[in-house]
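J.: The residues making up each chain are set out below.
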Amino acid sequence: MTAKIEKVSVIVSKGSLEGIYPALIMANGARAEGIEANLFFTFFGLDAVHKAKHEHIKLATVGNPGLHLATWAGGLPGMSAVMTHYLARRMDELDIPPIPEFVELIADTGAGLYACQASVDLFGLSKEDFVDQVRDIITVGEFYDLAAGGQIIFT
Amino acid sequence: MTAKIEKVSVIVSKGSLEGIYPALIMANGARAEGIEANLFFTFFGLDAVHKAKHEHIKLATVGNPGLHLATWAGGLPGMSAVMTHYLARRMDELDIPPIPEFVELIADTGAGLYACQASVDLFGLSKEDFVDQVRDIITVGEFYDLAAGGQIIFT
Amino acid sequence: MTAKIEKVSVIVSKGSLEGIYPALIMANGARAEGIEANLFFTFFGLDAVHKAKHEHIKLATVGNPGLHLATWAGGLPGMSAVMTHYLARRMDELDIPPIPEFVELIADTGAGLYACQASVDLFGLSKEDFVDQVRDIITVGEFYDLAAGGQIIFT
Chain A
1 MTAKIEKVSV IVSKGSLEGI YPALIMANGA RAEGIEANLF FTFFGLDAVH KAKHEHIKLA
61 TVGNPGLHLA TWAGGLPGMS AVMTHYLARR MDELDIPPIP EFVELIADTG AGLYACQASV
121 DLFGLSKEDF VDQVRDIITV GEFYDLAAGG QIIFT
Chain B
1 MTAKIEKVSV IVSKGSLEGI YPALIMANGA RAEGIEANLF FTFFGLDAVH KAKHEHIKLA
61 TVGNPGLHLA TWAGGLPGMS AVMTHYLARR MDELDIPPIP EFVELIADTG AGLYACQASV
121 DLFGLSKEDF VDQVRDIITV GEFYDLAAGG QIIFT
Chain C
1 MTAKIEKVSV IVSKGSLEGI YPALIMANGA RAEGIEANLF FTFFGLDAVH KAKHEHIKLA
61 TVGNPGLHLA TWAGGLPGMS AVMTHYLARR MDELDIPPIP EFVELIADTG AGLYACQASV
121 DLFGLSKEDF VDQVRDIITV GEFYDLAAGG QIIFT
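Protein chains in written order, with my numbering: chain A, 1 to 155; chain B, 1 to 155; chain C, 1 to 155.
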C-alpha cells in the first residue's frame with residue numbers, strides 16, 4: 001500500500017515554451033487531483049511570471065533535435081516564431097491556455113507561486129516585475145521548508 | 001536509518017539523445033537494483049517511444065556548450081549527425097544499446113512505460129504511433145497515482 | 001504536520017552555465033539549512049568537476065529563448081562568451097562564486113560529490129580527470145542507495 005502524493009513542488013528553471021509548459025501541466029494536474037502544489041520560479045524560469053516577458057515566450061528551435069528540423073533551418077530568422085505560433089494554435093484547439101492565462105488559472109486553484117531570491121537578485125529584479133499571482137520572493141531554504149512532505153519536481 | 005528506495009518514476013520530456021539517455025539509465029539502474037520503475041514520456045520525450053522517430057534521435061550540437069564546440073561549428077550541416085555517430089560508437093563499445101533496443105530492454109525488466117495524454121493530444125498522436133512496450137496513455141493525475149510512494153525524477 | 005527534508009541528492013546532467021548553477025544553488029541552499037546534500041555528476045554535467053573544463057563553462061546562447069536574443073544573434077561568434085562574461089560579473093557582485101570555487105565551497109560544507117560510472121566510461125575518463133572534491137565514481141544503483149530517505153532533484 002502506497003499513500004497518495006499529498007504535495008508537489010515544481011521548480012521552473014527554463015525560459016522556453018517547451019521548458020515552462022511541462023512544469024505548468026505537472027502543477028495543474030496535481031491541483032486537479034486535489035494535491036497541494038507549489039511553483040518555484042528560478043533562473044530563466046522567472047520569465048513565466050515576469051510582466052514584461054511572459055507573453056513573449058518562445059519555443060527553442062535550435063538545440064532542440066526533438067523538432068526534427070535541420071539545424072540550419074532552426075536558425076532561420078523567424079523559425080522560432082513560426083513553430084511557436086503553430087504550437088500555440090494547437091494548444092488553443094485543445095483548450096490549453098497561453099502561459100500568462102495558464103499561470104493565473106493555476107494560481108486560482110490555490111497553488112502557491114514563488115520567485116527564487118538568488119535569481120531575482122542575479123537579474124536585478126524586484127517584486128513589482130512579477131505578476132500579482134507571485135505570493136513572495138523566497139530563498140532556496142524557504143523553498144525546502146515549503147516542499148517538505150511532498151515531491152520536488154525540477155523542470 | 002533510511003529505508004531503501006522502492007519505486008522510481010522517471011518523466012522523459014526531452015527529444016534529444018542527451019535528454020533521453022540519462023532518463024533510460026536512471027530507470028534501468030533502478031530495475032537492476034530491484035527497484036520498481038516507471039517511465040512517463042511527455043512533450044518531445046515521446047520521440048523515444050515513437051515508431052517513426054525513435055531510430056532518428058540526435059544529439060543537440062547547438063545550444064549545448066557541454067560539447068565545447070564553437071557555436072558556429074555546432075550549426076554546420078551534418079555536425080549533429082557526426083557527433084551523434086561518434087557517441088553511438090562509444091556506446092556500442094560499452095554495450096549501451098541504441099534507444100529503441102534500450103527501451104525494449106527496460107520494458108522487458110518489468111518497468112512500466114506510459115505516454116502522457118496531454119502531449120499525445122497536442123501532437124495529434126494515438127496509441128498506434130508508439131512502440132508496443134507503451135502500456136497505456138495516461139493523464140498527469142494517473143501518473144501521480146502510479147508514482148505515489150516513490151521518487152519522481154523529471155528529465 | 002510535515003517533517004523537515006533531511007537529505008537532498010542533486011543530479012547534475014548538463015554542461016552549460018545555466019544548467020550547472022541551479023544544481024549548485026539547490027545543493028548549497030540545502031547545506032545552509034543543515035540538510036544533508038549529495039551531488040551526482042552525470043553526462044555533460046561531469047564538466048562541472050572536470051579539471052580541464054570546469055573553468056571554461058559557458059552559457060548556451062542559441063537554443064535558449066530565455067535570453068530573449070534573436071536566434072541569429074545567439075549564434076554570432078563570441079556571443080556566448082559575452083553573455084557568460086556579463087553573467088559572471090553580476091554573480092561576482094552578488095558574491096556568487098565561479099563554478100570551480102562554488103563546487104569547492106559546497107564540498108567544504110560536507111556535501112558528498114560523486115561522478116556517474118556509466119558517463120565516466122562513456123567519455124573515457126578516470127578519477128584523475130576530476131577535482132579532488134569528487135569522493136568517488138559510483139553506479140546509478142549506488143546513487144539510489146545514497147539518496148534513500150531524501151529528495152532526488154534531477155537538473
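FYI, nobody ran anything at the bench for these hints, they're computed from the structure. Some hints here could point you the wrong way.
For identical chains, the list gives no copy identity; a pair is met inside one copy or between any two copies.
To be verified - Capping the alpha-carbon separation at 25 angstroms, the derived lysine to any residue pairs in SDA-like fashion look like this:
{"hint": "1", "residue 1": "53", "residue 2": "90"}
{"hint": "2", "residue 1": "7", "residue 2": "87"}
{"hint": "3", "residue 1": "58", "residue 2": "5"}
{"hint": "4", "residue 1": "4", "residue 2": "137"}
{"hint": "5", "residue 1": "53", "residue 2": "120"}
{"hint": "6", "residue 1": "4", "residue 2": "118"}
{"hint": "7", "residue 1": "58", "residue 2": "3"}
{"hint": "8", "residue 1": "4", "residue 2": "94"}
{"hint": "9", "residue 1": "7", "residue 2": "105"}
What you are looking at is a predicted structure, and each value in this text was computed from that prediction instead of being measured.
J.: Checking each numbered hint in turn, tell me which of them this model violates, lowest number first.
T.: 2, 3, 7, 8
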